[in-house]
Amino acid sequence: MKCVSVLKKLVVGAALLGLVSCGGGKKDSDGEASGGSESGFARSKTLYLAGSQWGDPNTFNPIAESWQAAWPVGDKFNLMYETILTYNSLDGKFEPLLGTLVSRDNDKVVVDLNPKAMWSDGQPVTSTDVKFVFELGRRFPGAATAFAIDFISEIKVETVDGVERLSFMVDKTKRNNPLVILDHLQAIRIVPSHVFEKLLADNGNDLSAVQKLKIDKDPVVSGPYNIEHSSNERIVIKRRDDYWGNEAIYGGKLPAPEYIIHPIYKNNDHFAIALQQGKLDASQTFMPRIWLKKKDGVSTWYDEAPYFVPGAMPMLLINTTKAPLNDPQYRRAMAAAISYADIKELAVSGYAPDVQPGLIMNQGLEGKYFNADDAKEFGVAYDPAKARAILADAGYKSVYKRGDKDSTLDYMTDKAGNKLPVLSITVPAGWSDWEAMVQIAVKGLRAAGMDVREGPVDASLYWPALPSGNFDLIMHKPAASVTPSLPWNRFESVMSSRNWVPVGGDNKMNENQGRYNSPKDKGYNPKVDELLKKIPTLDKEEDLIAAYRELNKIFMQDQPALPLCYLPEQFYEFSSKAWKGWPTSANPYAPPLLPWVGASTKILWNLQPVK
Amino acid sequence: MLKQYPTLRFVLMRAGWYFLTFLVAVTINFFLPRLGKNNPVDIIMGKAATGLSNEDARKKEEKYLQEFGLAKVGKDGQLLRDAEGKPMKAGRLEQFGNYIKMCLMGDLGTSFQKYPKKVVDVIKEAVPWTIALQLPTILFGWIVGNILGALAAYRRGVFDKVFFPFALILSSFPFFVFGMLLVYYFAVLLPWFPAMGGYANSVMPSFSMAFFSSAAYHYVLPFFSIFLILAGGQAIGMRSMGIYELGTDYIKYAKWLGLKEGKILTYLFRNAMLPQITGLALSLGTMIGGALITEMIFSYPGLGMAMLTAIQNNDYPMIQGCTLIVTVSVLIANFTVDILIGFLDPRVKAGLQMGKGV
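Line by line, the protein sequences are chains A and B.
So that you can map any letter, position 368 of the first sequence is 368 in this note's numbering, and since no number is skipped, the others follow by simple counting.
So that you can map any letter, position 277 of the second sequence is 888 in this note's numbering, and since no number is skipped, the others follow by simple counting.
Among the hints, erroneous ones may be present.
Dumping the calculated DSS-like pairs for lysine-lysine here, alpha-carbon to alpha-carbon at most 27 Å [to be verified]: (1) B:Lys712 / A:Lys214; (2) A:Lys376 / A:Lys386; (3) A:Lys322 / A:Lys293; (4) B:Lys772 / A:Lys212; (5) B:Lys670 / A:Lys533.
Treat the hints as calculated values from the structure; they're not laboratory data.
Computed from a predicted model, the values in this text were never measured in an experiment.
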C-alpha cells in the first residue's frame, strides 16, 4: 500500500504543478500584451532585433577577433564602438561618424576626426585611439587588425583649427591599394587606447591575455548604446543619453529605443514566427516565400519581387588544377548547363534579379561597370544545347548506361578517350539554400552529360577544404558584404594569383581558392593580376569602366567560377507593429540593413513607437 | 574479505567496476574527437583568414595553435619549430596528460569556438535549463506512463482498448514532429503559448514572480512535447510487463486468496517495474546531454545545442567537457540503480545473502 500512496501523492503533485504553470502562464500572457511588467522592458521603449548573434555570446572585447566578438561589438556594428566612417551602399557615399572623409588619392586617404567625439568616460576620441587600433598589428603579429598594416604605411596627424586631420598613407611597396584603406575606415572599430594601453601594461604587454578579457562590465565606449545584460538567451543594450553624436550628428535628438534586445534563436523558423507575432521588429534571416508573411505585417525593402537589394554573389569555385576542370571549355560548358532561373525561383524564393554572365552585377553601384554587349558576346547563359555543343567540340563524350542519352549517365571521357573522374560539389550540409542551389546545378550539369554529384560535408570539413583547395567544386560567397571596394574585391577574391600556391601539404590560399591562373603555368595570363593591381589606383570613371570591362571579359572567357545567383547583403525584414519609420525603397533614407550596421545606424533616430 | 558484510562488499565491487569504466570513458572522450583528420584551427581559420595574405594567415594560425595548446611551446614562451620553420604540433599523449591534469583540478579548459569562454561557464549556464526541462518531464512521464500502463494491463476492457492504441501512436511520434505540431497549433494558430525561448524577452532573469511565471509559461509546450511521448512509451512497456506478470502463478494465487485489488496491483507493480527502473536510470543519466531536438524546436536554452556546435567545430575542450559530465551522470545513475535493484529485487538480494555475489 505504501508504494501506491506515494505514487498517488506524486501524481497529485504533478497535476498541481501543471495547473500552476498553466495558471502562471495566463497571467503572464496578459502582462506581456499590456507591455511588460515593471521589472522588464516596456515594449514602446524596446526594439527587438535578431539575426546577428547565433550562439551564446563569447566576448564583448573590441580587440578580439571579429568572429569571436558578440553582437554588437563584432563586424561593422556601430552601437558600442564606432568606425571612423560609414559607407552607404545605396549611393556609394561615405558618411561621417568619428571622422569625416576629406579626400582620397593614390598617396593618402585623409579624414578629419570629429572634435566632439567622446568616450563614455568623458575623454575625447583622438588620433591616439585611431593609431592604437590601426597599428596594433605592427606591435603584435596576429592582432585582429594586423591585416591593415599591409595597406597603411603610416598615419600622419596634423591639427588644423583644433581639428585633428589624419592622413592614412598608402603603403606603396606592399599593396599600394587606397581602395582597401577605405574598406578599413568603415570597418575597423576604434577603441579607447587609454583603457587598452593600461590593460596591456597590467598584463605584461601580452595581447593574448588582453584578448581573453570579456570587457562586458561597464566598458568605455563611444557609441550610442552600451551593454546592459547578456546570457545564452539574449543580449540587451541600453541607450546612453550622453552620447556625443546626438548633438554633433543628429541635431540633439536621442535614438528612439531606450533598449535594444537581440534574442538568440536556435531555429530559423523562430525569426519568422516572432516577426509575424510582433515580438521581433527586424531580422536578417532567410525566410522562404516572404510574400505569404506580408499579411502578418512582415515587410521588406521592395513591396514586390525581388523584395531585397542584391549585394552578394554565391558561386561555385572551380578547382582549375584538376582535369577536366582545368579546361576553360569544360568550365564554360558548365556555365551553360545550369538553370539560373530555377535556382532563383526554387532555391532563393525569387529574392534576386536575374543573374548575368560575368562577375559584375548589372545593377546597383556596380551596374555602371556592367557591359551588356560583352556579356552577350563573351559570356555564357543557360543554354543546354550550347553546353552539349561546347563539350562535343572539345572532344568530351558522355557514356550512358543503356547507350541513349535518356538513360542514366555512367561516366564521361575526354578527347583521348580516357575515363574522367566523378566530380563532386562540396557544400556544407544543412545550409539549406546552398544545398538547394547545388542540387539544381547538379541536375543541369548531369543533364548536359557531365558526371557531377553533390558532396554535402559537415561544416567542420567545409572550412578547411576551402583554403587548402581540397575540392573539385565548392560553394562559396566571396566578398559577402557590400564595401567601398566592390566589385574589385570580388574579382580579387576569385581571380588573384598574388598568393598562388599549389594544392597539397599545408598550402593554403585565402583568395582564389580554385587556384586559377598559376604564375608558374605557361598559360599564365599576367593581365589579370595587372588589372587587379591597377584598379584600386584608378580614379577616372572611364578608366575604371574600361579596366573592369577587360577583367570581366577574361572572367567570362576563362570562367574560373560559376556565379549562381545574386543575394542581398542582408535579408532586411521588418515589422511595423511596434516601431514605424523603417527605410524602404519608397523612403530610402538608409541602406537596407539592420540599424546597427554602418550607415543604417541612423534608422534608430528615425523610428517612432507605434503606441 | 568482507564476507560477513555482503552488501558492503557488493557496493564496493560495483564502485570499483564503475571507476574503471569511468577511466576508460574519459580516455575515449579524449581520443574520439581527435580521430578525424581536420583540426579545429583549420575550421576557425576558414572563417578568420578571409582576405589575409599568406604570411598574416600563417601568423594568425600559429597564434591559435599556441593559445589552444595544440603546438609545442619552448621555455621562453615561443613556439618550437621543426627544420622547415613550421610549428611542432603537440603530441596526443602530451595533450592527454594536460587534459587529465586539468580535469583533476576541475578546469575543463577554454572553448575554442566560444573563445575566450571557459567550458565550465558554458556548462554552468546551460545545465540548470537542461535539468529543469528534463528532470520533471522524465520523472512525471515515467510515473504517469507506468501507472496508466499498469492500469491498462490490469483492467483491460474498454480502458485498454482506447488507451493502448492512443499510447502506441503517441510513443511512435518522433519528438521533433510532435514538437513542431505543438508549436504550429498552440503557438502559431492559437497563440496560447509562446513558440520559443526560456522566458519572455521583456523580463530579466531574477528571483521575481514575473520571471518565474514567464519561465513557467514558456515551459508548457517544451514540457508536453517530451512528456506525452515519454509517458506513452513507458505505458506500453509497463502494460506488456504487467500482462506478463498477470499470467504468473503468484498473481493467480493472490486472486484466488481473494486479496484486494489494490494489494494485487502493488505486487504487480513492484515486479513489473524492475526493467522500467533501469530504463529510468538510463534516461536520467543521459538527460544532462540535453534535449537537442526540443532545444532547437523551442529555441530553449540547454546543453544540447552547445554540444552540437562543439562537435561540428571540433571544439575539443567543449566536447570533452560535455561528454565528461554526461559520462559521470550516466555512471552515477547506473550505479544508483545497481544498488537499488540489489535491494528491490528479491532474487538479487537472495543471491547476495547466499554469498554468491553478483
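Which of the listed hints are not met by the structure? Violated hints (numbers, rising): 3 and 4; every other hint is consistent with the structure.
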